[in-house]
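Chemist: The chain contents come next:
2 protein chains.
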Amino acid sequence: MNTRGTAPKQDRSRATRQRLLESAVTCLAEHGWSGSTVTVVAEHAGVSRGAAQHHFPTREDLFTAAVEYVAEERSRVLREAVRPGRSAYEAVETLVGLYTGPLFRAALHLWVAASNEPQLGPRVTALEARIGRETHRMAVELLGADERKPGVRETVQGLLDMARGLGLANLLTDDSARRARVVAQWARLVEAALAE
Amino acid sequence: MNTRGTAPKQDRSRATRQRLLESAVTCLAEHGWSGSTVTVVAEHAGVSRGAAQHHFPTREDLFTAAVEYVAEERSRVLREAVRPGRSAYEAVETLVGLYTGPLFRAALHLWVAASNEPQLGPRVTALEARIGRETHRMAVELLGADERKPGVRETVQGLLDMARGLGLANLLTDDSARRARVVAQWARLVEAALAE
Numbered sequence: 002m003n004t005r006g007t008a009p010k011q012d013r014s015r016a017t018r019q020r021l022l023e024s025a026v027t028c029l030a031e032h033g034w035s036g037s038t039v040t041v042v043a044e045h046a047g048v049s050r051g052a053a054q055h056h057f058p059t060r061e062d063l064f065t066a067a068v069e070y071v072a073e074e075r076s077r078v079l080r081e082a083v084r085p086g087r088s089a090y091e092a093v094e095t096l097v098g099l100y101t102g103p104l105f106r107a108a109l110h111l112w113v114a115a116s117n118e119p120q121l122g123p124r125v126t127a128l129e130a131r132i133g134r135e136t137h138r139m140a141v142e143l144l145g146a147d148e149r150k151p152g153v154r155e156t157v158q159g160l161l162d163m164a165r166g167l168g169l170a171n172l173l174t175d176d177s178a179r180r181a182r183v184v185a186q187w188a189r190l191v192e193a194a195l196a197e
Numbered sequence: 002m003n004t005r006g007t008a009p010k011q012d013r014s015r016a017t018r019q020r021l022l023e024s025a026v027t028c029l030a031e032h033g034w035s036g037s038t039v040t041v042v043a044e045h046a047g048v049s050r051g052a053a054q055h056h057f058p059t060r061e062d063l064f065t066a067a068v069e070y071v072a073e074e075r076s077r078v079l080r081e082a083v084r085p086g087r088s089a090y091e092a093v094e095t096l097v098g099l100y101t102g103p104l105f106r107a108a109l110h111l112w113v114a115a116s117n118e119p120q121l122g123p124r125v126t127a128l129e130a131r132i133g134r135e136t137h138r139m140a141v142e143l144l145g146a147d148e149r150k151p152g153v154r155e156t157v158q159g160l161l162d163m164a165r166g167l168g169l170a171n172l173l174t175d176d177s178a179r180r181a182r183v184v185a186q187w188a189r190l191v192e193a194a195l196a197e
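Keeping their order, the protein sequence lines are chains A and B.
Numbering-wise, the first sequence is residues 2 to 197 according to this note's numbering.
Numbering-wise, the second sequence is residues 2 to 197 according to this note's numbering.
Excised from the complex, chain A in its bound form (with noise of 0.2 Å):
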């Protein structure tokens, strides 16, 4: 008799696949890419590596994976910040949020990696450019910005490359005194940009 039902199995099934990515992401931001083995994050994850495996055949499969899961994540984060009413500030401050933290932290890993691994390197640039576009459209909305106008379009991309840039200020120290005062000022700047 069969009492494990398809249902619950996928369930389980699906359940082992978040943990998994989880981990990856984990690992990532922890140890860098060299130390993210297949074999680490199964270990992080509690699951065996042939399971892992299973999931995701190769680690390019895991990493780029991981890196979609941390689009959906960010996405996610995005979606749930565009709300009427919002201020300039708060819409500058949400932005820059995207890049720093653990997500951002682990993204950055894996770009860095993908210049130097062929394997993960047309992988990780298309996905790149995927997410890049859907975050420009979520800035336009949270920003209020009418891209009909003359420039607008590229203070919205100037704006995502500080915080770009910003994010990555943050790896190796706490940079959120000096950059909670370029937020307030870049805010101000963009505000009055997006209203000429």
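Bear in mind the hints are in silico, worked out from the structure with no lab data behind them.
A couple of the hints might just be wrong.
A pair counts as met if it fits within one copy or between any two copies, since identical chains are not told apart.
To be verified - As a list, the in silico SDA-like pairs of lysine to any residue whose alpha-carbon atoms are at most 25 Å apart:
{"#": "1", "residue 1": "150", "residue 2": "174"}
{"#": "2", "residue 1": "150", "residue 2": "185"}
{"#": "3", "residue 1": "150", "residue 2": "94"}
{"#": "4", "residue 1": "150", "residue 2": "192"}
{"#": "5", "residue 1": "150", "residue 2": "89"}
{"#": "6", "residue 1": "150", "residue 2": "179"}
Using the hints, position chain B against chain A.
Modeler: Just chain B now, with coordinates in the frame of chain A:
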């Protein structure tokens, strides 16, 4: 009879050191931290491993010196760029230029490695703080900014964060066309903000 005078010997030693530093930067930019051992760098420089270790006893010594060398090269580029009569666009373009190309690429690999390597972390962090202060000082000069005015300091800092973010965006793909448009628009924003 000693045909090798002291001065030429010192010159040779200095030339070897210089070659090792240049090779360290090239190897870092091309192969990342994990692919850049002292042996790889010595081979690239055409120097024996022993000679390399005479100059730099540890891998950390070699790469910290390499980042210092990168920092000095970047300072040199900046100092040469500070000339009267430059437009805001030229100033912003010069600053952004510091964060693209192999020098930034090498520094980026080292930052990311330093975030996971306890032996590298404190040295790279201290060096980064020095480079950050120096870059800021020269950016203020280049832009003709008056930091006594409120907000000006943060305007310049945000611009340098944007430049860093643009450098990161250029890691996986050639981002130069988009970058030129963002630089044009942000030069306009920064110029207006500094004139306020």
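Chemist: Decide, hint by hint, whether the structure agrees.
Modeler: Hints and how they fare:
With identical chains, the CA atoms of residue 150 and residue 174 are never at most 25 Å apart, being 38 Å at best within one copy and 27 Å at best between copies. Taking the shortest Cα distances, residue 150 and residue 185 sit within 25 Å of each other both inside one copy (24 Å) and across copies (15 Å). In the homo-oligomer, the alpha carbons of residue 150 and residue 94 lie at most 25 Å apart both inside one protomer (24 Å) and across protomers (23 Å), since each shortest distance falls under that limit. In this homomeric assembly, residue 150 and residue 192 come within 25 Å of each other (Cα to Cα) both inside a single copy, at 14 Å, and across copies, at 19 Å.
Proximity of residue 150 to residue 89 under the C-alpha cut-off of 25 Å is found in both arrangements, the shortest distances being 18 Å within a copy and 22 Å between copies. Proximity of residue 150 and residue 179 under a CA criterion of 25 Å is satisfied inter-copy only: 17 Å between copies versus 31 Å inside one chain copy.
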